[in-house]
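Given the structure of chain A, go ahead and fit chain B onto it with the hints provided.
Order-wise, the sequence lines are chains A and B.
Take 902 as the starting number for the first sequence in my numbering and just add one per residue.
Take 650 as the starting number for the second sequence in my numbering and just add one per residue.
One thing to keep in mind: the hints can contain errors.
[Stated by the list, open to error] Label pairs and their computed distance ranges (CB to CB):
#1 K930/B x K944/A: 48 to 56 Å
#2 Q1252/A x H824/B: 44 to 52 Å
#3 N1330/A x K843/B: 30 to 38 Å
#4 P847/B x E1666/A: 29 to 37 Å
[Said to hold, decoys possible] In silico lysine-lysine, PhoX-like type, Cα no more than 25 Å apart, as pairs:
#5 K821/B x K708/B
#6 K1599/A x K901/B
#7 K901/B x K1259/A
#8 K933/B x K903/A
#9 K1498/A x K821/B
#10 K1389/A x K904/B
#11 K1498/A x K820/B
#12 K1498/A x K930/B
#13 K1611/A x K880/B
#14 K901/B x K1389/A
#15 K1611/A x K820/B
#16 K950/B x K930/B
#17 K1389/A x K933/B
#18 K1389/A x K880/B
Treat the hints as calculated values from the structure; they're not laboratory data.
Glycine included, C-beta positions come from ideal geometry on N, C-alpha and C.
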Amino acid sequence: MKLSRSWLQDYVDLAGVSDDDISRAITFLGFEVEALIRTGAPKLENVVVGQILTRDKHPNADKLSVCTVDVGPAHGGVRTIVCGAPNCDAGRRVPVALPGAVLPGNFVIKESKVRGQLSAGMMCSAKELTIAEDAQGLLLLSGEPALGAPINDVLPAGDTVFDIEITPNRPDALSHLGVARELAAWFKKELRYPDVSFTPAKIAAQPRPDLLKGVRVTAEKDCPLYTATVVTGVKVGPSPEWIQRRLAAVGLRPINNIVDIGNYVMLEYGQPVHAFDAKKLAGAEIVVRHAADGEKILTLDGKGRALDHHMLVIADAQKPVVIAGIMGGENSGVSADTTDLVLEVAYFKRQSVRSTSKRLGLASDSSYRYERGVDVHSLEEAAHRFIDLILAHAGGAVAGPIHAVGTLPPWEREITVTPAYINEKLGFNVPADEMRAALERLELVVTREDPTENRGPAWTFSIPSWRDDLERPIDLVEEVVRLHGTEKIPSSVVTAPGLVGNDDAIVLFNRAVASALVGAGFHECVNYTLRSAKEVAAWATPAQTAALALANPFVEDQSHLRSTLVGGLLESLALNQSRGVAASRLFETGRVFLERKGQLSECVAVAFVIAEETGERSWRAREAADFYTAKRHTGTVSALADIELDRQPTALIAEGSDAARAWQAGHAATAGNIEHGWTASFGLVSLAHLKALGITGKVYAGFFAIVSEKVSAETERRGYKPFSLQPAALRDLALVVPAATSAIDVQKTIAKHARAAAGNAFALEGVEVFDVYTGKGVPEGQKSLAFALTFRAADRTLTDDEVNAAFNKVQADLAAAGYQIRK
Amino acid sequence: MQDQLAALLAKASAELPALATRPEFEAAKARYVGPNGELTALMKQMGSVPKEQKPAVGKLINETKTALQAQLDAALSRIESAELAARLGPAVDPTLPSPDRGLGTLHPLTLVREEMTRILRKVGFSVVEGPEVETEYYCFDALNTPSDHPARDAQDTFYLPESARFGNVSKKSPHEKYLLRTHTSSVQIRTMLKGQPPIRIVSPGRVYRRDTTDATHSANFHQLECLYVDKNVTVRDLKALLDYIFASLLGKDTKTRFRPHYFGYTEPSFEVDLSASHLPKVNKPWIEIGGCGMVDPVVFKDVGYDPEVWSGYAFGMGLERLAMLLYGIDDIRYFYQNDVRFLKQFA
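Looking at chain A on its own, in the form it has when it is part of the complex (with noise of 0.2 Å):
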């Protein structure tokens, strides 16, 4: 909101307070102070009015010309002044810069010589005086302003404008006489209401029920009280150049008087006013009531609006004519012939302000005000200042009592406080007297005052009508820092415990990936979670994607919650090979959205990115990364959250499936469930997929996700099993197996039958897969996996033999389990 400091000094004495200082109080008020803007002449010493008297050429410049200047005798009369500007032609009165004046800039004017020529002060343009842009010559001054009159006596006078932010509890800072309230609890200086002259004991003319026979409210709960005051004979025409000038300075373009001072008045009190032409209401009459479902107005702004039964509307006998609280329609304004009026001062509920406002999509500084709340005790008092206003400046007389229809809510409220509740709640003291003073000056009345045992005095204070946000002892909290100066409250040291709780499991697992993964030389990367449906439908099944959509998306490519974070991988992948930057492994770690028991599970996850082309050179190759790549580190991310990849059940993802969309079938996998609880997919990325994004070359990829409820930051110690000192036996064993055999399966089988061959004589180490062959000597459809068996005893070097026997019933067992042993 806008506020002019000339209008602030109506209601509050800031002589002598610079523009710093008040805009450093509203500060330290609680609003911030979004821009100051000056308009007209700043205050100028020794700028005085000057006459020319004589203008010759300058000996030594063609554009210079020496001029003699009358600056009054108070000022030693008449002086040479060298001037550069075409239009100082003798006669003329001008403002004159005396040697010692700062114009604006810091530009000190000092006695000197120009060209040769001595030039005792200068004679200012509009523009060195900043009251405009315009340099074109000397700022003329008509009207004949004596001579060595200063020039801020001669010019009218500057103004400041503050542009400060009110927060939404403070609908009453939403006016001049709000604001100027604040400075004047905070300066210390008496708050001056605006002289308010009209009674209705000063009505003297008949009532015109020709203009307006009544008022008929028929939806009193969203309207509780309505005035109207029928105005005749009013002439319409520009306003005083003083509340024009106002207006301007807050931003508002002047209109008529009547429309001015409607504005006028609610940028004082924060209360909307507004003016009919009386004679264009329809039946003489007001009725405020729900519009008709379909009915519709051409509002001020220009343009069609169709109502409905939620919005309400003041209305004549026919029509709808202004949207409550919000704006007028075109049908009853007032125009050049208006001659008498009819002027609303009413009380509509926020709420239902508000909805209407929001479903036209239509705001207004009234509407605005309403929403906020307006302070419905003043209402009175405003119109009162409208009726004199409209009076003093656009005539007419006030016909007949005010029509006024409903009741205003009651209003009474006391909150009870000690000095020493407020010192607890603040930490440190403030003085009793400060405290009540500083509540006093925002007009809050003692009411009682109970003396306490020991917490000092016990004061009622009765809360105004304007302060509907001051509710609770603790409300006075805020008011007593605000006026003490939160600049002041002290510093002092943090008391901390001694004892600090875990972090969560989360954290705690995110910090472990991202430090595993960037120990293997991945980026990490941030990217956002609302992805488009495009991509979202690249990873989830359809159904999967309608249930990631958002209702109420702000973008198109911004439509829905991720189910994985390897898309935006990808797209950061796109991002740096367009620009060619180098980018083969990033990560990300953050929350994705997964189907999980027929809803939605929120999952902490993980995922990377391996691209084979990254662009970059290197004068020696190092080995490529494949599958198994995805798969260790996957399984590293894995390991994090106690879950040993290698050990899990993996599928191959299958061409057709729905996997295999963003997946290449055949060279990636999935482990895990996540109805389980948790989820990996790892290896090559659809190459078509890849295409599609515009990414050349492979990339593997790696993805995690857990419920996060499921992670754990219980890690149990594990128990020291004793190792044997004793040599090793190891033996190899080939099984030829279908290919689609899971390796884990044949090693588990593997370990299974080697166990039990070993007995309770000795003990099976290891059973590890070294070799997987392929080709000649292995049937169509078949491959060999060769396997290293590693047996040990715990107190002695094995024997050959009986090593022997126990290899020998291995393979016994695992042919009559059915398998092939490669010989």
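Structure of chain B alone, referenced to chain A:
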């Protein structure tokens, strides 16, 4: 005999230094000292040497044997050295960069978050997490934000359709809508409902606003929020925390100041400005950095804490904004583009 020995030695000294490989050496060695070697053959002639000459010849043979062995050793050592050199290859060029992959890097938002939580941990705050999908109760109602508050508008907040169901985001009432949390303050409520004071938590996390993306706005961004609930917590304590945080982050000469403000869930409420001497790209004496205040009694009542007994403060700030200040980054979108040239700058 004498001559034969001398000739043998001379032949060996001529031949052995020329040997280049181990097989050649083994062959030569066999030729001299092997069972059928020349020296062995000469030694076998010892029997035919007249008795009186035996000591002298024996000595001579021993001397020859020792000398020959020394030559063989020298040859072997030379061949071994050559073999080793062949295995090593030429000397490396130490000035070439390693072709191996270096370490990755943490994102600047992670670095800033971790630095903040480290600072806060020192004064007793532990990190908590909460869901990013929230319900109206936790995001608004419990934080004293009335149902007609503009922040709750579909214009400002992302909502999920009424049909949306979340298995692990609890609702307070069945009629609530799911939304994307607009601030991390919802974690305060979940934490307070779960436990009892004293509470000292920091909740960093991702939040969402229905906003146009530009240099300073983003549809999702990150906040960090502190909550402290205990007996007799005061405005002065809150100021002490802010002073401590920013002095730790930016040096002892850093100052903070409070300006009164309004938040529905704190009373009194303040905005926090900071002043530090060495922030890049900052030319204002005071920079707004966050909001804070004393927890409003209404919030305590709502979570079942007695406001007569418990008091507390809360402080929140934007992590992107902080990172932009600390590093001098001038466009928030850089955090989400993941240009590797950007990502590598902060580790």
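So, going through the hints one by one against the coordinates:
| no. | hint | verdict |
| --- | --- | --- |
| 1 | K930/B x K944/A: 48 to 56 Å | 35 Å, violated |
| 2 | Q1252/A x H824/B: 44 to 52 Å | 19 Å, violated |
| 3 | N1330/A x K843/B: 30 to 38 Å | 37 Å, holds |
| 4 | P847/B x E1666/A: 29 to 37 Å | 52 Å, violated |
| 5 | K821/B x K708/B | 109 Å, violated |
| 6 | K1599/A x K901/B | 51 Å, violated |
| 7 | K901/B x K1259/A | 49 Å, violated |
| 8 | K933/B x K903/A | 23 Å, holds |
| 9 | K1498/A x K821/B | 21 Å, holds |
| 10 | K1389/A x K904/B | 13 Å, holds |
| 11 | K1498/A x K820/B | 17 Å, holds |
| 12 | K1498/A x K930/B | 51 Å, violated |
| 13 | K1611/A x K880/B | 34 Å, violated |
| 14 | K901/B x K1389/A | 19 Å, holds |
| 15 | K1611/A x K820/B | 19 Å, holds |
| 16 | K950/B x K930/B | 44 Å, violated |
| 17 | K1389/A x K933/B | 21 Å, holds |
| 18 | K1389/A x K880/B | 24 Å, holds |
Of the hints listed earlier, those the structure fails to meet are numbers 1, 2, 4, 5, 6, 7, 12, 13 and 16, in rising order.
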